[in-house]
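Chains as they are written, first to last, in numbering that gives the first Met the number 0: chain A, 0 to 149; chain B, 0 to 149; chain C, 0 to 388; chain D, 0 to 388.
Just so you know, not all the hints are guaranteed correct.
As the list claims (entries may be wrong) - Covered by chain A, per the in silico footprint, the following chain C stretches (three or more residues, Cβ under 8 Å):
| no. | segment |
| --- | --- |
| 1 | 292 to 303 |
| 2 | 307 to 317 |
| 3 | 375 to 386 |
Hint data in this document are derived by calculation from the structure and do not stem from the laboratory. Ideal placement from N, C-alpha and C gives every residue a C-beta, glycine not left out.
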Amino acid sequence: MAMYNDKVMDHFMNPHNVGEIENADGIGTYGSPICGDMMKISLKIEDDKIVDAKFKTFGCGSAIASSSVATDMIIGKSVEEALALTNKDVLDELGGLPAIKEHCSVLADHAIRSAVYDYAQKTGKTYKGLEGFDPNEDEHEHEHGCQIEE
Amino acid sequence: MAMYNDKVMDHFMNPHNVGEIENADGIGTYGSPICGDMMKISLKIEDDKIVDAKFKTFGCGSAIASSSVATDMIIGKSVEEALALTNKDVLDELGGLPAIKEHCSVLADHAIRSAVYDYAQKTGKTYKGLEGFDPNEDEHEHEHGCQIEE
Amino acid sequence: MRRVYLDYSATTPVKKIVLDEMIPYFTEKFGNPSSLYELGASAKTDLNISREKVAKLIGASEREIYFTSCGTEADNWAVIGSARLKKKYGNHIITTKIEHHAILHSCEYLEKNGYEVTYIGVDEKGIVNLKELEDAITSNTILISIMFANNEIGTIQPIKEIGEIAKKHNILFHTDAVQAVGNVDINVKELGVDMLSMSAHKIYGPKGIGALYIRKGLILPSYMNGGAQENKRRAGTENLAGIVGFGKAAELAKEGLDEHIKKITSLRNYFIKEVLDKIPNVYVNGDLEKRLPGNANLTFEFIEGEALLLYLDMNGISVSTGSACSSASLVPSHVLDAIGIPVEKIHGSLRFSIGDFTTKEDLDYTVEVLIKVVDKLRSISSVSNEKGW
Amino acid sequence: MRRVYLDYSATTPVKKIVLDEMIPYFTEKFGNPSSLYELGASAKTDLNISREKVAKLIGASEREIYFTSCGTEADNWAVIGSARLKKKYGNHIITTKIEHHAILHSCEYLEKNGYEVTYIGVDEKGIVNLKELEDAITSNTILISIMFANNEIGTIQPIKEIGEIAKKHNILFHTDAVQAVGNVDINVKELGVDMLSMSAHKIYGPKGIGALYIRKGLILPSYMNGGAQENKRRAGTENLAGIVGFGKAAELAKEGLDEHIKKITSLRNYFIKEVLDKIPNVYVNGDLEKRLPGNANLTFEFIEGEALLLYLDMNGISVSTGSACSSASLVPSHVLDAIGIPVEKIHGSLRFSIGDFTTKEDLDYTVEVLIKVVDKLRSISSVSNEKGW
Ligand SMILES: Cc1ncc(COP(=O)(O)O)c(C=O)c1O
Ligand SMILES: Cc1ncc(COP(=O)(O)O)c(C=O)c1O
Chain A
0 MAMYNDKVMD HFMNPHNVGE IENADGIGTY GSPICGDMMK ISLKIEDDKI
50 VDAKFKTFGC GSAIASSSVA TDMIIGKSVE EALALTNKDV LDELGGLPAI
100 KEHCSVLADH AIRSAVYDYA QKTGKTYKGL EGFDPNEDEH EHEHGCQIEE
Chain B
0 MAMYNDKVMD HFMNPHNVGE IENADGIGTY GSPICGDMMK ISLKIEDDKI
50 VDAKFKTFGC GSAIASSSVA TDMIIGKSVE EALALTNKDV LDELGGLPAI
100 KEHCSVLADH AIRSAVYDYA QKTGKTYKGL EGFDPNEDEH EHEHGCQIEE
Chain C
0 MRRVYLDYSA TTPVKKIVLD EMIPYFTEKF GNPSSLYELG ASAKTDLNIS
50 REKVAKLIGA SEREIYFTSC GTEADNWAVI GSARLKKKYG NHIITTKIEH
100 HAILHSCEYL EKNGYEVTYI GVDEKGIVNL KELEDAITSN TILISIMFAN
150 NEIGTIQPIK EIGEIAKKHN ILFHTDAVQA VGNVDINVKE LGVDMLSMSA
200 HKIYGPKGIG ALYIRKGLIL PSYMNGGAQE NKRRAGTENL AGIVGFGKAA
250 ELAKEGLDEH IKKITSLRNY FIKEVLDKIP NVYVNGDLEK RLPGNANLTF
300 EFIEGEALLL YLDMNGISVS TGSACSSASL VPSHVLDAIG IPVEKIHGSL
350 RFSIGDFTTK EDLDYTVEVL IKVVDKLRSI SSVSNEKGW
Chain D
0 MRRVYLDYSA TTPVKKIVLD EMIPYFTEKF GNPSSLYELG ASAKTDLNIS
50 REKVAKLIGA SEREIYFTSC GTEADNWAVI GSARLKKKYG NHIITTKIEH
100 HAILHSCEYL EKNGYEVTYI GVDEKGIVNL KELEDAITSN TILISIMFAN
150 NEIGTIQPIK EIGEIAKKHN ILFHTDAVQA VGNVDINVKE LGVDMLSMSA
200 HKIYGPKGIG ALYIRKGLIL PSYMNGGAQE NKRRAGTENL AGIVGFGKAA
250 ELAKEGLDEH IKKITSLRNY FIKEVLDKIP NVYVNGDLEK RLPGNANLTF
300 EFIEGEALLL YLDMNGISVS TGSACSSASL VPSHVLDAIG IPVEKIHGSL
350 RFSIGDFTTK EDLDYTVEVL IKVVDKLRSI SSVSNEKGW
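All chains, full assembly: derive it from the sequences and hints.
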């Protein structure tokens, strides 16, 4: 598959951390089926540490692979560390995506931030990495989404 | 050779009646090298009958084949019969030429008429077939010649 | 691993018998058809024999066939050439929303150059409405370009009726028949089309050779300026081997047409029935009757098409998301949009196209794989029947 | 009968090693390069490997090569595309009187559409005068298109100097290098050309595939509207096998260039010397040094070229009267006219072009036949040295 590298293909064909955590501490969603990709992530957080993360994604190979690798990357990290994850980090970890697909990597870090925001709302905690973050303002359609390239 | 039929090729490769008759009774020329074809014909005439005809032609395959077949056609004919020869007759006898080359068949009947005209001038004879014929008026460049098709 | 090619609408392999016919034209019979000597003259003869074979496939006469480098060039030439030819009579063109990009982008080019284009819609089955077409005609209309059969959903338009409307209003009528040729019985004389586009690589001929049928008497300005090839209408040294291959492919297509249609239609119907029976939440897009024999365009709810495509590919099965030439683009199909499929479902649509080398076993294998991979992708998906979109 | 092909400038046979490389792309590796699955993706990879080989032949980078259907299309695209691109800066184009019809007729098309074209002349050796070129430049000049090497007389233009002039005046520079590629060492970076046309069938590749080099940064509008192929600049399903053949042919041409030039030049010089020594009233047209290795354009006084061509053909020898694509026309060569050959002598001019499969024995045989048939045709001719024209 010339389109994706082996690592991307591997995460796409055998994604890690697929599913939904029951009684999750934080749940976040990003994207929409209309734009072709939507990721839903649920987190289990203990002592400000992400002990588990699971995702469900509707989307193309890059979206699924990004979801898989991003959940891998945050499990075991502190919440602040997870918030610091950028789509660039996801891209690097995947070893790159085709230019036309790079935007898919945004899916994961946005969904993670939303899930932590949900956790913060419920617990009243504040995080530096959430400063200025507003899940409603950050409308999928505006910022990342449906950025289609002809 | 898809361009010319076998008969044309035969007259072109092995033209009949090539040459110049010494002390010819009539000599005619038609065409010009500038237009790509020029035929010179000399006639031996006895008792108003064409007993011999020879040609020299600068020109393409059709011009040479037309010259060859036309001289064949008039040898043994009366002068009036020879004058009645049209380029259509030449074309028919050759079994046709490519459309783009049909004008080459005009060369022969014009040259024959010029040669007979020369004979008539020298001998003071008149021929029905020469009525209205003026070798000077009939400028190659105007009537047939350099009709180039792009 | 089994290899199952189900993308015959994107391109077809060259049949062996076609390739065998082409080979000598690369090496021994390589003359330039414009050359006067034997090697050139016989190339020209063979070229015209191929022209006749292509003509026969659509009921045209030999002199009405002009070879081009592909279906795209034929489309560009027909649309842009007609626009130039008729510009003193008007500047309005009618086409449809479901044309191939070769037509749509040619129309866009014309729109930037002073022409007006009406893109008429299609119903939910993918068929144009003749009344809408006739209503769109103005005194400025100079060309109607409506595809014969759609490349994504395979729907076949009422070409004969459109031809009658065009004739009634004295408007040129072009049809892009790249997908239809070799799959539908076509007779240009009966259909009243003025121009018709074809492409060899869709009928088991080589890529890089197409043709435009131009009705006798219609003098379309040249789109390729240069030498006197193609009766002075399309310059450029002829793709001799390609033309010979196109000719042979056309001959085979003509000979086997009835059988081809029967066999492929029955395989396609079997496939659709199997998929619909065995996988929930799958829909067929486009009319089921007025349809190319080999086309099955299916929407798999709750999953994204490219992901499904790649899963199938990992299992040796080649299918596509709509048209090949926009496959690298992320724009949702304009064709599925035109028949009213909601965008989220367009993302989950795939085209399976069946061809002469497809077997029932291939399709059984495909259904088997589909059951598994659709299930797996749905288990990953964030949307589902229970939770909704 | 011996068969001697001496019309390599019209077209070349495909080399066996080139054909072998192409074959799999018709049958097994037939995927559409735009398709996402493996069969398509690997086709795309192979296509780009070929692109790299073509790029290397002219010192370009891979992304600067755009495949077209022939040299003619590359010429049309370059000239008409540049004119469209630059129309807001001016409407004046400079070219020469000795261009191929692909350029001349594209210019004529533009003249009918509001552009002005200056056709500069050449000297009696067939070389453009740089001063005349520079004098022709106005503030409206948007494009200079001057061929690299002429197809009839083989003369090579001072491309580098022209490139400098173009750059100085900030004008786009296109060169039709269809005859030069594979016969001259070309490096587009050193030459300063913005666009360069090529065609595979002149370098032992297949007919029906060409390319346009477009300098990085220059965004030429598409001449073929449709799918997103060729980096969205040239639509139409790619002629995959043709491109692979072009790539292989380019690779071979690059590898063997020095030897090819040496060998062919020496054969050509031998041939010319033999003919001039053994047949009276024969002249060579065009510069003897700034010339394609294989080209010998000869005027045989007092005979007509087509007649001579056919006599040679009957003896198995293939040559041409100037360019193949105007061979069916009776118009005397515009190139020989431009170098001042009188019309009656233009009629008696033939182009012999020598290539990789030509042997010394072929040339000896040709000279032998020439002696006989020239003599025979002169004996039939109504003009001669003694009688004059
Ligand atoms: C100088 C030149 N330009 C352009 C062309 C056209 O190339 P093609 O025949 O590939 O269209 C040719 C050859 O025919 C040529 O010799
Ligand atoms: C309907 C339709 N029109 C035009 C084309 C373009 O044909 P080609 O790829 O030969 O340029 C295609 C296929 O790609 C097609 O399916």
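Results for each hint:
1. 292 to 303: Holds, because 3 residues of the segment 292 to 303 of chain C bring their Cβ atoms closer than 8 Å to Cβ atoms of chain A.
2. 307 to 317: Check passed, 4 qualifying residues.
3. 375 to 386: holds (count 5)
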